[in-house]
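Okay, here's what each chain looks like letter by letter:
Protein chains: 2
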Amino acid sequence: MYSQSGLKDIINTALVNLSYNEESERLLAPVKYVLSMGGKRLRPVLALLSCNLFSDKIDEAVIPATGLEVFHNFTLIHDDIMDKAQIRRGFATVHNRWNLNQAILSGDVMAFITNECFLQSPPGILPRVLRIFNKAAIEVCVGQQLDMDFERAAIVSREEYLRMIELKTAVLLAASAKIGSVFGGADEKDADLLYEFGKNLGMAFQIQDDILDTYGDTRVFGKASGGDIMAGKKTLLYVKASELASTEQRKKLHDIYTSGTMEPEAKIKAVTALFDQLGVRPAAESLAGEYLRNALGCLEKAGAPQERKEELIALTGALTRRES
Amino acid sequence: MYSQSGLKDIINTALVNLSYNEESERLLAPVKYVLSMGGKRLRPVLALLSCNLFSDKIDEAVIPATGLEVFHNFTLIHDDIMDKAQIRRGFATVHNRWNLNQAILSGDVMAFITNECFLQSPPGILPRVLRIFNKAAIEVCVGQQLDMDFERAAIVSREEYLRMIELKTAVLLAASAKIGSVFGGADEKDADLLYEFGKNLGMAFQIQDDILDTYGDTRVFGKASGGDIMAGKKTLLYVKASELASTEQRKKLHDIYTSGTMEPEAKIKAVTALFDQLGVRPAAESLAGEYLRNALGCLEKAGAPQERKEELIALTGALTRRES
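Chains as they are written, first to last, in my numbering: chain A, 1469 to 1792; chain B, 1469 to 1792.
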């Protein structure tokens, strides 16, 4: 059985050895740049752990799993353009280091490099695997659209927020776990349980990401602290705060959040103070905990021996305690 | 047997009836907008004619062929951003009518709608068909990169230019014809001949596009006349002119082409006058004719009855006489 860190190494090696159409180094330089930045490799690791849950043989799943990481990084490059983000994982974003056109085009080619990875699946499962992936890919785009829409929306409900992160983040983790299980030979019922496991894990993961963006340590987290506040993002913290606030507090929160004149530091401090006053951090943490328990419940029901589940349980635990 | 116009209707109907993830109308509006603009539907028509060359049954190929049109329009949306194009086929481009972020994201989702179309291929040929498509998709990105690079390059050779249009335009027509032939049951040899047919057709098509951009009628062509000149594109006309020019003429051409101060009309007129002086239009037309003859030569060798080839021959002929 494989460990998380062993699988991360396997994925990193596969990423370095990916074979590309090498005709244009300019096109590929940003691709190699983002893929070499590191990161948790959560999606492919989740896929390979899910494969390993049902089978000792994971080698056929490695390149397709790597495709999940390529896809994820494609979305990051384009999201960073849309969010005007200058820094990602402590490095300059692609449109920042190169330019807008390069970030669009090098992102685009990654969508097809992803396909190329999936095309290395055995023909017998290729249609099924690609269908799971592609459905999630479309949903990720819908999620990003909702996220963009929310920036201009006056009010975002908790339900709308949760649906947005389900699409933008959770379905890809869900698809990763399900695809891995299909490679491992899981039946339809178990594959669906792994999907639900991944989805709940993804919900918790994104909620924690929101918490870390405001309360995390910049040096550890790799992004500027308070970035969501500065970007006017309707995160769970904001949505929760709106729910819990008095009419007066809600007006104050809205005024600060939409203020174009406040100094960044003052704005982040004022919003964080309101968040603290309303107790949104523990509320968000409790919701994340709920999703994590649901995730573990799905994993428990899957038809695999308990000892095979330990590594996925450990991954889930590690994500609850993460600082980046 | 099907006619070009009959197949165009079939494709247009399929495009209208494409099933989407309908959760975000905002995301889909630009997709439906570009797909409803019309156009020649050259890639799917080519695919279906190539299928019909070998088989009477084309229905399984219709949705995958439609995917080729979706992909092509995805590239147009992103290319228009990169080229800062405001008008396409007589309509406002997506980033112009909506905004940059919307054009990036709605373009992105089209890459996965394309996959969705291909996923409706029979499982037996799905891996082969997707491999042909995806290789071409990556090459199209490389071609777009070379095209961008050429804008900043001082000199572009004829060979470099021809390789660029091969990647940016011709390989997708090649893949379209080959994919169609695979649906029709062609053997590897015939499928490769159809690929070469499509590639040569694509080379001729792009060269004519370059000619039409400068010499075409704006009302018929749907793009502003002289757009390539204004954008400083290294088209075949420019490359040919550089080849044929005296040192003095070459300097003059370069100075006018890179001038940031000349009025658009004066610039287009001056460049066109130089083109006329050097006879680049007939030279470009002769090169296009060469590619068309090569295309027909490949078609001739394909193992299908002559009467089945007539519609593809007619398509080739129509492209040589087109005005848009």
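One thing to keep in mind: the hints can contain errors.
Heads up, the list lumps identical chains together, so a pair's fine if it works in one copy or across two of them.
As the list claims (entries may be wrong) - Derived pair list, reagent style BS3-like, types lysine-lysine, alpha-carbon separation capped at 30 Å:
no.	residue 1	residue 2
1	Lys1657	Lys1737
2	Lys1500	Lys1552
3	Lys1603	Lys1500
4	Lys1525	Lys1720
5	Lys1777	Lys1500
6	Lys1777	Lys1701
7	Lys1701	Lys1657
8	Lys1737	Lys1769
9	Lys1737	Lys1525
10	Lys1500	Lys1657
No lab work stands behind these hints, which were simulated from the structure alone.
Hints versus structure:
1. Proximity of Lys1657 and Lys1737 under a CA criterion of 30 Å is satisfied in neither setting, with 48 Å inside one chain copy and 69 Å between copies.
2. Both within a single protomer and between protomers do Lys1500 and Lys1552 lie at most 30 Å apart by alpha-carbon distance, with minima of 21 Å and 27 Å respectively.
3. For a Cα distance limit of 30 Å, the shortest separation of Lys1603 from Lys1500 qualifies both inside one copy, at 26 Å, and across copies, at 19 Å.
4. With identical chains, the CA atoms of Lys1525 and Lys1720 are never at most 30 Å apart, being 57 Å at best within one copy and 66 Å at best between copies.
5. Taking CA atoms no more than 30 Å apart as the test, Lys1777 paired with Lys1500 passes in neither setting, with 33 Å inside one copy and 45 Å between copies.
6. Proximity of Lys1777 to Lys1701 under the C-alpha cut-off of 30 Å is found in neither arrangement, the shortest distances being 36 Å within a copy and 58 Å between copies.
7. In this homomeric assembly, Lys1701 and Lys1657 never come within 30 Å of each other (Cα to Cα): the closest approach is 37 Å inside a single copy and 56 Å across copies.
8. When the C-alpha separation of Lys1737 and Lys1769 is checked against a cutoff of 30 Å, the pair qualifies neither within a copy, at 44 Å, nor between copies, at 74 Å.
9. In the homo-oligomer, the alpha carbons of Lys1737 and Lys1525 never lie at most 30 Å apart, since the shortest distance is 51 Å inside one protomer and 67 Å across protomers.
10. Taking the shortest alpha-carbon separations for Lys1500 and Lys1657, neither the intra-copy value of 37 Å nor the inter-copy value of 36 Å comes in at or below 30 Å.
Comparing the model with each numbered hint stated earlier shows that hints 1, 4, 5, 6, 7, 8, 9 and 10 do not hold.
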